[in-house]
Amino acid sequence: MASVSVKNLFLSFGEVKVLQDLNLEVGRGEFLVLLGSSGCGKSTLLNCIAGLLDISDGQIFISDKNVTWEEPKDRGIGMVFQSYALYPQMTVEGNLAFGLRNAGVGRAEIAKRIKQAAELLHIEPLLKRKPAQLSGGQRQRVAIGRALVRDVDVFLFDEPLSNLDAKLRAELRVEIKRLHQQLENTTMIYVTHDQIEALTLADRIAIMRGGAIQQLADPHTIYNRPINKYVAGFIGSPSINFLDGAVTRDGKPRFTSGEVVVDLERYPFEDGSSDGACAFGVRPEHIAFGDAAADSPFTAEVRVDVVEPMGSDTLVWSKLGGQDFRFRVDGQIPVSTGENVRIGFDPARASIFDKKTELRL
Amino acid sequence: MRFHTRLLALAATVAMPLGAAQATELEVTHWWTSGGEAAAVAEFAKAFDATGNKWVDGAIAGGGGTARPVMISRITGGDPMGATQFNHGRQAEELIEAGLFVDLTELAEKENWKDVVNPPSLLDSCTLDGRIYCVPVNIHSPQWLWLSHKAFEDAGVPVPTNWDEYVAAVPALVEAGKVPLALGNQPWQSNLLFGAVQIAIGGIDLWKQVNLGKDAEAARSPEMAKVFQAMADAREMAEESNVQDWNQATNMVITGEAGGQIMGDWAQGEFQVANQVAGQDYSCLPGLGVHEYISTGGDAFYFPKLDDPEQTKAQLELASLMVSKPVQVAFNLKKGSLPIRGDVDLEAANDCMKKGLEILAAGRMLPSGDQVFSADTQTQFNDLMVEFMKDPSISAEDAQKRYADIVENAD
Amino acid sequence: MDSSTATLPTSHAARAEPRGKKPQRRLSRRNIIIYGTLTVAAIYYLLPLYVMVVTSLKGMPEIRLGNIFSPPLEITFEPWVKAWATACTGLNCDGLSRGFWNSVRITIPSVILSILVASVNGYALANWRFKGANIFFTILIVGAFIPYQVMLYPIVIILREIGLYGSLTGLVIVHTIFGMPILTLLFRNYFTSIPEELFKAARVDGAGFWTIYLRIMLPMSLPIFVVAMIIQVTGIWNDFLFGVVYTGPETYPMTVQLNNIVNSTQGVKEYNVNMAATIITGLVPLIIYFISGKLFVRGIAAGAVKG
Amino acid sequence: MTRSGGNAPPDRGSAGGSRMSSNRPIRLFRNLNAKISAIPMIATALVVFVGGTVWTIIYSFTNSKLLPRAKFVGLDQYERLWNSNKWLISIENLFIFGICSLIFSFIIGFVLAALLDQKIRFEDTFRSIFLFPFALSFIVTGLVWQWLLNPDFGIQSVVRSLGWESFDFDPLYNANIVIYGILIAALWQGTGLVMCLMLAGLRGIDEDIWKAARVDGIPMWKTYLFIVIPMMRPVFITAVVIIASGIVRVYDLVVAQTSGGPGIASEVPAKYVYDAMFLSQNLGQGFAASTMMLLSVAIVVIPWAYLEFGGRKSHG
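Protein chains in written order, with numbering that gives the first Met the number 0: chain A, 0 to 360; chain B, 0 to 410; chain C, 0 to 306; chain D, 0 to 315.
Bear in mind the hints are in silico, worked out from the structure with no lab data behind them.
Note that beta-carbon positions come from the ideal geometry of N, C-alpha and C, so glycine has one too.
Please note that a few of the clues may not be correct.
[Said to hold, decoys possible] With a straight-line cut-off of 30 Å between C-alpha atoms, the simulated BS3-like cross-links for lysine-lysine are:
#1 221(D) x 72(A)
#2 111(A) x 221(D)
#3 85(D) x 213(B)
#4 130(C) x 166(A)
#5 6(A) x 21(C)
#6 70(D) x 304(B)
#7 64(A) x 293(C)
#8 221(D) x 129(A)
#9 130(C) x 34(D)
#10 127(A) x 34(D)
#11 129(A) x 21(C)
#12 16(A) x 293(C)
#13 324(B) x 304(B)
#14 207(B) x 85(D)
#15 293(C) x 129(A)
#16 16(A) x 21(C)
#17 400(B) x 353(B)
#18 64(A) x 221(D)
#19 199(C) x 127(A)
#20 118(D) x 21(C)
#21 111(A) x 127(A)
#22 72(A) x 21(C)
#23 114(A) x 221(D)
#24 221(D) x 293(C)
#25 118(D) x 6(A)
#26 400(B) x 85(D)
#27 129(A) x 64(A)
#28 118(D) x 72(A)
#29 16(A) x 221(D)
#30 20(C) x 72(A)
[Said to hold, decoys possible] Residues of chain D clear of chain A, computed beta-carbon distances all greater than 10 Å:
#31 57
#32 82
#33 154
#34 214
#35 302
#36 307
[Stated by the list, open to error] For the chain A half of the interface with chain C, some residues (derived, Cβ under 10 Å), not all of them:
#37 55
#38 57
#39 62
#40 66
Throw the hints in and build the complete structure from the sequences for me.
Quick look at the structure:
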């Protein structure tokens, strides 16, 4: 059963078309992350779902109710903003209660809900304080609490962690995940530009670009089988290696780039027909090194150009077929510049994209 | 044009005795900015430029209230102008005492101003401790009653020839829907009216006792009570007059909306611009037609001390020019004021101006308020009179009492 | 909210399912209230302007006799020409044009300097408080209430002592001084309301005093700079007292001519020229308002098209 | 709003750029840039405002006439001041004018700004209309309103000529209400700026706050009243100071509209000062009056300013 569904959504500001024919179904209890770089329309989409922006065409359903023309408050949603958007002149308690009082909720009920939310978010000691007296992380908890007390089925998060420092961000991320698990049947739609947040939190991720969803899938699929070159490049850190070359399928399928030839017999082609120019993508962390490489279906010897130690791992820059090629090795293994090393990978874990359409082959 | 050239030539000759002309710039500050005034100033400038010097014009409208801060700032800031207009009389005393102005006594003696300037009181106002510090340039008199012929025709009564007839005609004017007396709201206008009424009703002796003698007893006398009674009448007559500026009030007279206005001789310009003819469309009654005396205020120029001797020389040249006959004639014809010397001929003057000249010739004149009271006292009179004129709840007796108090403390 | 009763303007009306743009009546109650109130207010503000414009297009005889609201029987642009080019102020009969460039020369450096100084003041007070700053600031605020006239003589003495009396520099400094209290307050309070995180983040990134000011604070403060500019351009362009007291006839600003045209106490008052002169003098600030008004854009950081 | 939250406020001295742990910089050089940048402010405050005020106060005890002279006469000037009917009326007028002006400027300015902030069409046009009177000089503002309020040819005569014969509207010629006539013109001239200030304030409010309030279902008017207006406190303070300083200094408008009349019914303190100094040529009296003005301003402003700006509290 769909909790939120967006049908044929169009949005334009004057001449500028921001969202075009967008469709999205979010299941009940699902955690969906809208991921994309800035300007891709992810926040705009969220605002449309919330009813904060008037759409140009299309329909929006929440809990199977057509809410296209409803006011935000009547859509059964709670929302958390990047800048917290707490009411600065009210105490934490006041912030949580203000909306409810306006909705005519009874005094006892309000107290009960605040108590629950405060317990859940560990903000009981803060209830009498004002937002200015809170740290960033505390403020965002309060902001989440404000959405929580509305007792709704759908939560919308608009980059809630972007204003926090890295440590707090990691803490709160876990907290949100825990919250989602505690609140059964609660749908969460979460906008971020941070892929770690997306991968850790999401049941499904929708990667957006230019006002359209590129790929909507679970994190595993997004990571392993990106639908196009953009998604492949966007997800993963350090980012995926692309080797320009060509695919030939007369006889044994193979990828050729200069003197590099990769056997593609085990590669799960999705598109059986096309041949020709393509980009061959393989993630740095999928590359075997040294002795381990010997077992790989594809192996090659490369020269180490640059070494970037990152603690747990080391990122090594080299060239394959004359093109930049990065791979990750265990941080304990000594690698030095100028050294020739053996690497290898399994073409079945690679992703190949058509040069022109950029779609996955 | 030819007239002008001749004038310039004359002016040049007058200036000659002071020595060879030098192209010295002299900045002159004054508040003559309206059309006729500016034309009059131009006569000074032309004559001055003809001597080979250069008149740099620094006109600032707004009268003494605006000019004083400018003058004092410039002088104390160490950047004085070459010459400046100022009300003569008491107002500049302090600057003279501070030694900020050029002493003109030598020039005055050489050109015999004492005999030339008429009335002599004008020169007296420029004199402090026997030294002369300013040049009077014209005479303006405030005690005139201007009457609208149209208004009285509409009311079906003859145009009055004096104050009493005027007061008697009030019911007819009111009947005809006229405002009997037009009076602007600014304080000085009320005080001007009082000055005129005081001369007309109180008479010359009382006027002298109070204004010259600062006699508070005279100010409390029953004679003065009559003056205040007349002021109360005037207040009633002006009750419906809802204008601010004096010329708006004059305009009421021009259009026949109001019966009359008490205003200085400068009101004449308004009648002229509206193509009204004296004696035909309007009448003017100096001294309200009762005591044909006028007080002789006017404008004067002072010359701040400058470091440059060339400029000092130019200042003396300018002073000499301002008093000279041709410049006096040219200036006053444009300005619509009376000349400061009795020995010039103003053929071009109109009816009302001629009346003024006659009174002057007959010696029926009094010093002006500026000459007898300090600005401080004058302002107090202004405030009292305007308060009285606009607030019917103040009785004539109270006003007289307050008036006498000011006279008692006057300086 | 009132979608059920709304008359639907588009073809969506026929469908039962809400779809697309929420239908809005052009004359919804909300719009009537908003535009109605704005229009009534606009009339209050425009009525005097109407009288001014109409008067400036009439001849003097018509003004003397006519109703101030009646449109001119015969439109004449002579008052405008006269006000700009031929009105006499004393001997110089070239109207307002005479002082125009002087005004420009006075206004531009004064506005720039005063806003610069005050915005830095406000920034320092809001974000970099140092000991004693508040005492000076309090003095400054009290200073905002001092009538200019009272300060006339002390300023003359100060300018004389530093040798700047009568110079353009002196006048620019005077304008900066008297603009300082209000503008400093304006900027200080605005910078105070900018989220502290931004400031802190920049500090952590190693940005110093001036870098933060130029890179973070300035770009975020356009609306308040517009307000400051409005205040200063108007104040300095319309200033008469300082212009006439602290300069000489060569550098008199336009307002001295305006005053001479409007404020002549004796002689004939030409109301049509007065009105034309006023409108002309007001044009420069008006143009500035109009241009700078575009900078009043909502949400420089948080726009509707985000993410 | 969130400044100086208490835990690590910049005013503790930590804000001086690089702070070395081993070698603490000298106090004076902490915040050096901030201090350098504040030199003009400090100089202005001390030399001009304090210096000028002290000078004024000293000369208020003299009998200076046209020029400042150090002939001391004790409290004579003050005695005369408080015996002056004109001064007492001036003060009364200032109170009425000030209170009304503050209230109406705020209400009108805020309402107009809030209306303009509704993402309406023609915002530019309306804003320019409301603001343009601010560009005009007081002298002419006074003149035009003097005409409009003139019973013989202004609004009253027009309304009467339309048939409403008993319509009375002559504030400038009725001593009891003349100050309100001046108020009308003052509001016309000044509310545009207040509106702009409020608009700048509204535009400075985080868009997300509005969104949060909408999601919470808080009605528009409550959002303004309980959330937005409290957040605009700094802007309101600025507006109060601007309006109030304008009120205290009101002079030109009165001169142009009524010259203080009818009678002396619309006199104001700034005009009293100016008249004393430059019309009466009684500088001492003018200084005494300005000293009284400054004193009363100081009594109100200094404690307030100290609480507002001086304390370490946050007004969040």
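Hint check:
As the CA atoms of residue 221(D) and residue 72(A) are separated by approximately 15 Å, the hinted pair is consistent with the 30 Å bound. The hinted pair formed by residue 111(A) and residue 221(D) meets the criterion: a straight-line CA distance of about 24 Å does not exceed 30 Å. With a C-alpha separation of about 23 Å, the suggested pairing of residue 85(D) with residue 213(B) holds against the 30 Å cut-off. Distance restraint check for residue 130(C) and residue 166(A): the Cα-Cα separation of roughly 34 Å exceeds the 30 Å cut-off, and the hinted pair is therefore not satisfied.
Between the alpha carbons of residue 6(A) and residue 21(C) the distance comes to roughly 15 Å, so the proposed pair stays at or under 30 Å and holds. A hinted pair counts as satisfied when its Cα atoms are at most 30 Å apart, and residue 70(D) with residue 304(B) qualifies at roughly 25 Å. At roughly 41 Å between alpha-carbon atoms, residue 64(A) and residue 293(C) are farther apart than 30 Å, so this suggested pair is violated. With a CA separation close to 19 Å, the supplied pair residue 221(D) and residue 129(A) stays within the 30 Å bound.
For a cut-off of 30 Å, the pair hint linking residue 130(C) to residue 34(D) stands: about 10 Å separates their Cα positions. With a C-alpha separation of about 38 Å, the suggested pair residue 127(A) and residue 34(D) falls outside the 30 Å cut-off, and the hint is violated. Simply put, residue 129(A) and residue 21(C) have alpha-carbon atoms about 37 Å apart, too far for the 30 Å limit, and the pair is violated. Between residue 16(A) and residue 293(C) the alpha-carbon distance is near 23 Å, which keeps this suggested pair within the 30 Å criterion.
Under the criterion of a C-alpha separation no larger than 30 Å, the hint pairing residue 324(B) with residue 304(B) is consistent with the structure, at around 26 Å. A C-alpha spacing of about 28 Å is found between residue 207(B) and residue 85(D), which places the hinted pair at or below 30 Å, so the restraint holds. Under the criterion of a C-alpha separation no larger than 30 Å, the hint pairing residue 293(C) with residue 129(A) is inconsistent with the structure, at around 36 Å. Distance check on the hinted pair: residue 16(A) and residue 21(C) sit about 18 Å apart at the alpha-carbon level, within 30 Å; holds.
Distance restraint check for residue 400(B) and residue 353(B): the Cα-Cα separation of roughly 38 Å exceeds the 30 Å cut-off, and the hinted pair is therefore not satisfied. About 28 Å separates the Cα atoms of residue 64(A) and residue 221(D), which keeps this hinted pair within 30 Å; it holds. Distance hint between residue 199(C) and residue 127(A) is fulfilled; the C-alpha atoms sit about 26 Å from each other, no more than 30 Å. At most 30 Å may separate the alpha-carbon atoms for a hinted pair to count; residue 118(D) and residue 21(C) meet this at roughly 17 Å.
A hinted pair counts as satisfied when its Cα atoms are at most 30 Å apart, and residue 111(A) with residue 127(A) qualifies at roughly 16 Å. About 15 Å separates the Cα atoms of residue 72(A) and residue 21(C), which keeps this hinted pair within 30 Å; it holds. Between residue 114(A) and residue 221(D), the direct Cα distance comes to roughly 25 Å. Compliance with the 30 Å bound is thereby established for this hinted pair. Restraint check: the Cα-Cα separation between residue 221(D) and residue 293(C) comes to about 29 Å, which is no more than 30 Å; the hinted pair holds.
Taking the CA atoms of residue 118(D) and residue 6(A), the gap is about 28 Å. The hint holds against a cut of 30 Å. Between residue 400(B) and residue 85(D) the CA atoms are separated by roughly 17 Å; this keeps the pair inside 30 Å, and the hint holds. Our distance criterion of 30 Å between C-alpha atoms is broken by residue 129(A) and residue 64(A), whose separation comes to about 37 Å. Among the hinted pairs, residue 118(D) with residue 72(A) is consistent with the structure: their alpha-carbon atoms are about 21 Å apart, no more than 30 Å.
Pair hint residue 16(A) plus residue 221(D) does not hold up; C-alpha atoms about 34 Å apart against a cutoff of 30 Å. For the hint pairing residue 20(C) with residue 72(A), the CA-to-CA distance comes to about 18 Å; that is within 30 Å, so the pair holds. At the 10 Å boundary, the C-beta of residue 57(D) stays outside the reach of chain A, the nearest C-beta of that chain being 45 Å off. The claim that residue 82(D) lies off the interface holds: its Cβ sits roughly 49 Å from the closest Cβ of chain A, which is beyond the 10 Å cut-off.
The Cβ of residue 154(D) sits about 43 Å from the closest Cβ of chain A, beyond the 10 Å cut-off, so the non-interface label holds. Annotated as non-interface, residue 214(D) brings its C-beta within 10 Å of a C-beta of chain A; the closest such distance is 5 Å. Annotated as non-interface, residue 302(D) keeps its C-beta farther than 10 Å from every C-beta of chain A; the closest such distance is 23 Å. A cut-off of 10 Å between C-beta atoms confirms that residue 307(D) is not in contact with chain A; the least separation is 16 Å.
Contact between residue 55(A) and chain C, as hinted, is supported at the beta carbon level, the nearest pair being about 6 Å apart and thus within 10 Å. For residue 57(A), the interface hint holds, the least distance from its beta-carbon to any beta-carbon of chain C being 6 Å, beneath 10 Å. Because the closest C-beta pair between residue 62(A) and chain C is about 15 Å apart, greater than 10 Å, the hint is violated. A hinted interface residue such as residue 66(A) counts as satisfied when its beta carbon comes closer than 10 Å to some beta carbon of chain C; here the least separation is about 8 Å, so the hint holds.
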